[in-house]
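**Q** Please work from the sequences and hints to get the whole structure.
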Amino acid sequence: MEELIDIVDHQGNPTGHSAPKTEIHALGHYHNTAHVWIYNAAAEILLQQRAATKTICPLLWDVSVAGHVDAGETIKAAAIREAREEIGIIMDSSELKKIGTFKCFQSYPNGIKDNEFHHTFIAKTNLTIRDMVIQKEEVEALKFVSIPLFNELLKNSKTNNHFIASNSDYYKQVIEAIILALD
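Going by my numbering, the letters in the sequence shown line up with residues 69 to 251, in that order.
I should point out that these hints are in silico values taken from the structure, not numbers from a laboratory.
So the derived label-pair ranges between C-beta atoms look like this:
#: 1; residue 1: 171; residue 2: 223; range: 18 to 28 Å
#: 2; residue 1: 179; residue 2: 71; range: 12 to 22 Å
#: 3; residue 1: 216; residue 2: 192; range: 10 to 20 Å
These numbers come from a predicted model, not from an experiment. Virtual Cβ for every residue (Gly too), placed ideally from N, Cα, C.
**A** Written as C-alpha cells, this is what we have:
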C-alpha cells in the first residue's frame, strides 16, 4: 500500500489534505520529511549510501536517516520510525536535537517534483555500523566519516559523485550544528 502524506503550504503549514506519495511527487505538493544526522564521540558522521534502486540520486551518499512524514504522524515519530526501518536502531525522542527546518525544493529529470521541508535532527550514538541493520530497498551501505573528510568530499561534490551537490549548503549547516554539539 502506498504511503499517504500530509500536504503543507509553501510556508510549511498544514493544509488539512493528504495524498499518496506518487501524487505528492508528480504534482509537486509541499510536504514534510524527517532527517536524522547521527554522529559519535570521535566526531564522525554516519552517512547512508542511497540504494541503487532509488528514483532520486541512487548510490549517492546523504543523511544518516531520512524519510517522509506519514499522514497524521508527528515529525519526531517519523524520525524514530525511519531510524528503525532504514538502519535498525531504536531511538528515543529525547536523543533527537532539532537543528532546524530546511526548504529543499527540487525537480528531477525523471519528472519528480520534490518540494520538501527537511525537519532536521542530530543525535549522538555509541553504536557502530556492526550494530546496524540496513533496509536493502533504501540503503546500499553505511559509513562513518570524520568531519575533515566530510568537508573535503563536500568541497568536490560537483565532480566526485559522492554527495548530492545541490544540498551543499544544507550539509554545511548540519556540520556546524554537530561541531557545536561536540563542544
